[in-house]
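Participant: Spelled out, the chains give:
2 protein chains.
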Amino acid sequence: MTAGAVERFRVIYRIFAGSAAEAIRRAHDIAIEQTVEIPADVVPEGFIADEIVGQVGRAEMGERGVFDVAISYSPDSVGSELSQLLNVIFGNSSIQQGIKAIGFEPGATIAERFAGPRFGIEGVRARANRPSGGLISPVIKPQGSSPDTLAEIAFRCVAGGADIIKDDHGLADQSMAPFEKRTEAIAGAVARANAEFGMSALHFANITGAPDQLVERAFFAKDAGAGGVLLMPGLLGFEIVDRLASDPEFDLPIMTHPSFTGPFVLSPDTGFSHAMMYGTLQRLAGSDISVFPNVGGRFGFSAEECGSIADACRDPAGFGMPIFPSPGGGMSVDRAADMVAMYGEDVVYLIGGSLLRHGDKIGEAVTAMRQAVDAAAGAETA
Amino acid sequence: MTAGAVERFRVIYRIFAGSAAEAIRRAHDIAIEQTVEIPADVVPEGFIADEIVGQVGRAEMGERGVFDVAISYSPDSVGSELSQLLNVIFGNSSIQQGIKAIGFEPGATIAERFAGPRFGIEGVRARANRPSGGLISPVIKPQGSSPDTLAEIAFRCVAGGADIIKDDHGLADQSMAPFEKRTEAIAGAVARANAEFGMSALHFANITGAPDQLVERAFFAKDAGAGGVLLMPGLLGFEIVDRLASDPEFDLPIMTHPSFTGPFVLSPDTGFSHAMMYGTLQRLAGSDISVFPNVGGRFGFSAEECGSIADACRDPAGFGMPIFPSPGGGMSVDRAADMVAMYGEDVVYLIGGSLLRHGDKIGEAVTAMRQAVDAAAGAETA
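Chains as they are written, first to last, in the numbering used here: chain A, 1 to 382; chain W, 1 to 382.
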């Protein structure tokens, strides 16, 4: 038993309840549900009752039946696995109506046990040789294209000044472009374009597959020359992010994609806050760049929600080092000034399918976006 | 290109829209979003436009702004990875308001590419030597206990007539009961009790950890004598279920647990229907027993929602073979008659923390549950 040697971590739950008394009662239920999951009267005395069961702490009343209650848990309840940490944070209680997890305070022990981001904003900037200004990241697509077609798009985008070449998250291991061929083709094209044009663009290869294939494929991408990997924690679980971020041999930045995670944030009174899902949890897992749907695009996130995500990604007091927020959807030259005003400098701008409208001139469209972002930031343009 | 050789699969989306025209427009947006994710006017002609892009099919108007629209996709868009199948079914569109995925028709090609459940109801019954009647599954807990304490509870439960000994989903790899020691202790106790009392109880070991540890740990559990594994697809991803279900060397039944999946079903107009999340998707992944929160317990699922889950688990026309629904929460001798009336015979009844109230007499409480279920079913009691 290591009780006493560990510092507890805290989760802040927003509880929707008719009264403060009801909120506190529900908080005590959560403290049990997330740990021992047995009736309070049969909890064994001693270590389990004193340490393992969650402890209800400070409560703040909001408006109209909203109460933010902190519950602390022992790292002994977790061990050192990210999936079990998430299980304690919001496993079964995620199935309860009227509870939203909105905050996480790791404490010293959890901060020691989990690596967090390996690169963060500064590390990714160093690898991409972009010391200041927003990073431009065209997305390579569509699925159904051959590796050569995808590689040619990537080459032109690097020529145009892209910092990051991101695989579309729908490029998996389909027969039209199997993982290995696709990755070799795109990473190879990015390397050639970097050499030819004096660039340092990073190709982020999308990694999918069975659990015991994921690490292998990530290393395949690295060996093929990829400068990072794209992972979808909603589909693959968060563990793969932590696994790669904490592997010194791997040593590549990680971008996480929000596919399949929408239901966690779309309801006002269940799931996670936007900031916690796309900021806090991504940093906890070890992502360096967190992709999320941008305001004004095809998705319904508000400017306030997007701003809260960017803040959580970059908060100096957050878990590990600050990471890049990466808004995607509806990004264009016309909106560059608004986007720079909203997100500032430390941001990776995804540019998606609309780029394809430029055909062979796709590189020029990337250049135009680079210039628009730099102009908006008042920076010198190249 | 394998176009023509494949049969398309269909997803039914419930779209909340002001008019049929708006619903159809949104369906066309989904068909693009889930596949090429580029504006319609830049979709390459030929194979990509004709096969890869989703095709909007039949639409049925429900009441008050609810439209159920079928969209078909090509298996070429998927390949043979479950994560990519889920990505096409509801990856990015899960982040849109007003869309709920409620149905899935695999078609011949997807049915060939994915194994589905290896055991199903009949296979689990054969392994547990329980040819008829509901299966009784006490849950071994609480976390914080030593392997010996957990093993003793398991031993007594088998003595009392348990069919399945399920690890609590919060038993991971904590220092109080590390994965290997815990699994050896509980599986060993179940084996001894089976031998002593002439039982065939199956221990389902909870498998957690990094992606490249999961398969290894599942085989460790098998070698230690476990009769099945418990997996949490919400935390680990669905791929691990498919990976183990389709591995002939593994050859143990799989129980899936709903931790971290609540937000997928709690909102009326986003995520999945209860039946799709806890029935259809579990079968698609290869689960043999799908755990879900029971009506009347600590969670808010209605009798109708629970019934729809049980139906989706057992529907003979569903993916692969019918599987066991496993309602948990609030199960007791007093409710046995209601539960049998509601769920019938092909069900695994989870009995949780309330069992611990019986202390050393926990086996007798399991026996009482066995007898109550059998009496309610009008079956002979042992």
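You may find that some hints are simply not true.
The list makes no distinction among identical chains, and a pair is therefore deemed to hold if it is satisfied within one copy or across any two copies.
List time: in silico SDA-like cross-link candidates among lysine to any residue, alpha-carbon distance up to 25 Å [to be verified]: (1) K222 with S267; (2) K222 with G46; (3) K361 with S19; (4) K222 with P39; (5) K361 with G98; (6) K181 with E37; (7) K361 with M61; (8) K222 with V333; (9) K361 with F220; (10) K222 with G378; (11) K361 with G133; (12) K222 with D212; (13) K361 with R10; (14) K361 with S332; (15) K181 with D212; (16) K222 with V6; (17) K222 with F47; (18) K222 with G330.
I should point out that these hints are in silico values taken from the structure, not numbers from a laboratory.
It should be emphasised that the depicted structure is a prediction, and the values quoted were computed from it without experimental measurement.
Participant: Please go over all the hints and tell whether each is borne out by the structure.
Facilitator: Now for the hints, and whether the structure bears them out:
no.: 1; hint: K222 with S267; in the structure: neither (38 Å within a copy, 40 Å between copies)
no.: 2; hint: K222 with G46; in the structure: neither (49 Å within a copy, 33 Å between copies)
no.: 3; hint: K361 with S19; in the structure: neither (61 Å within a copy, 39 Å between copies)
no.: 4; hint: K222 with P39; in the structure: neither (49 Å within a copy, 31 Å between copies)
no.: 5; hint: K361 with G98; in the structure: neither (50 Å within a copy, 37 Å between copies)
no.: 6; hint: K181 with E37; in the structure: between (48 Å within a copy, 22 Å between copies)
no.: 7; hint: K361 with M61; in the structure: neither (56 Å within a copy, 44 Å between copies)
no.: 8; hint: K222 with V333; in the structure: neither (32 Å within a copy, 57 Å between copies)
no.: 9; hint: K361 with F220; in the structure: neither (31 Å within a copy, 55 Å between copies)
no.: 10; hint: K222 with G378; in the structure: neither (35 Å within a copy, 63 Å between copies)
no.: 11; hint: K361 with G133; in the structure: within (24 Å within a copy, 68 Å between copies)
no.: 12; hint: K222 with D212; in the structure: both (17 Å within a copy, 17 Å between copies)
no.: 13; hint: K361 with R10; in the structure: neither (51 Å within a copy, 37 Å between copies)
no.: 14; hint: K361 with S332; in the structure: within (15 Å within a copy, 69 Å between copies)
no.: 15; hint: K181 with D212; in the structure: both (20 Å within a copy, 23 Å between copies)
no.: 16; hint: K222 with V6; in the structure: neither (37 Å within a copy, 33 Å between copies)
no.: 17; hint: K222 with F47; in the structure: neither (45 Å within a copy, 31 Å between copies)
no.: 18; hint: K222 with G330; in the structure: neither (30 Å within a copy, 50 Å between copies)
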